[in-house]
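Now for the letters of each chain:
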Amino acid sequence: GAGVSQSPSNKVTEKGKDVELRCDPISGHTALYWYRQSLGQGLEFLIYFQGNSAPDKSGLPSDRFSAERTGGSVSTLTIQRTQQEDSAVYLCASTEYLGEQYFGPGTRLTVT
Amino acid sequence: GDSVTQMEGPVTLSEEAFLTINCTYTATGYPSLFWYVQYPGEGLQLLLKATKADDKGSNKGFEATYRKETTSFHLEKGSVQVSDSAVYFCAQNSGYALNFGKGTSLLVTP
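Chains as they are written, first to last, in the numbering used here: chain F, 1 to 112; chain G, 1 to 110.
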């Protein structure tokens, strides 16, 4: 079946602009995660959605970052007023409750 | 806090060599432990996992044993292939999210 998909695969943006990154989880998976993979920092947890519960936003690095998950499916990660340090690969994963996390291919964000 | 430390790469090996990638963890509880692999141009894939002490995870010739006494989960393979060239990440579950090491790049040459 279809895996986790993310779009766009690559995004280049100018410093100060807003960007939206999209994640389509595996159908039926109730939990969705966003991670960031950057040089020097490795893989960092950003945010977690589980069903209709309030998301765990404890990993978001600043208030410029936000995410939503509409209808318990598709999720959008928004970065406002992008900075060069936001350049990274943003990974999305989904899972059945407490199951194995399946990762998407990621979105490579470059802020110039 | 909980953390995962793995050996820094890059690791370069000849085909059929023995591989060990060290991983140690700190945790307040009893986490499950994982190895993920990222092949060039692809997303993260679960390679193997172990959920409790003394469990051995294995897949595709790779093995790792959950050692509570040494807080370790070292990845091993007896004979690597060129196709094993990838970045390997050790991870623990920290609550429901995963807490990753920084990754070890492996290059296997013919």
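Just so you know, the hints here were simulated from the structure itself, not pulled from any lab data. Glycine included, each C-beta is placed from N, C-alpha and C at the ideal position. The reader is advised that the hints may include incorrect statements.
[Said to hold, decoys possible] No farther apart than 25 Å at their CA atoms in a straight line, the calculated lysine-lysine pairs in the BS3-like style are these:
1. Lys52/G to Lys57/F
2. Lys52/G to Lys68/G
3. Lys11/F to Lys56/G
4. Lys102/G to Lys68/G
5. Lys57/F to Lys17/F
6. Lys102/G to Lys52/G
[What the hints assert, rightly or not] Which bits of chain F does chain G cover? Going by a derived footprint, with three or more residues having C-beta under 8 Å, they are:
7. 10-24
8. 88-100
[To be verified] Part of the chain G face toward chain F, derived, beta carbon under 7 Å:
9. Gly43
10. Lys60
11. Phe62
Hint check:
1. Lys52/G to Lys57/F: Between Lys52/G and Lys57/F the Cα gap is close to 28 Å, so the pair fails against 25 Å, i.e. violated.
2. Lys52/G to Lys68/G: 8 Å, holds
3. Lys11/F to Lys56/G: Given that 25 Å is the threshold and the Cα spacing comes to 40 Å, the pair is violated.
4. Lys102/G to Lys68/G: 21 Å, holds
5. Lys57/F to Lys17/F: Given that 25 Å is the threshold and the Cα spacing comes to 22 Å, the pair holds.
6. Lys102/G to Lys52/G: 23 Å, holds
7. 10-24: That given contact is violated, which follows from only 0 residues of the region 10-24 of chain F lying within Cβ reach (below 8 Å) of chain G.
8. 88-100: Coverage by chain G holds for the region 88-100 of chain F (4 residues, Cβ < 8 Å).
9. Gly43: 4 Å, holds
10. Lys60: 16 Å, violated
11. Phe62: Cβ of Phe62/G sits 16 Å from chain F, so the hint is violated.
Hint violations for this structure: numbers 1, 3, 7, 10, 11, all remaining hints satisfied.
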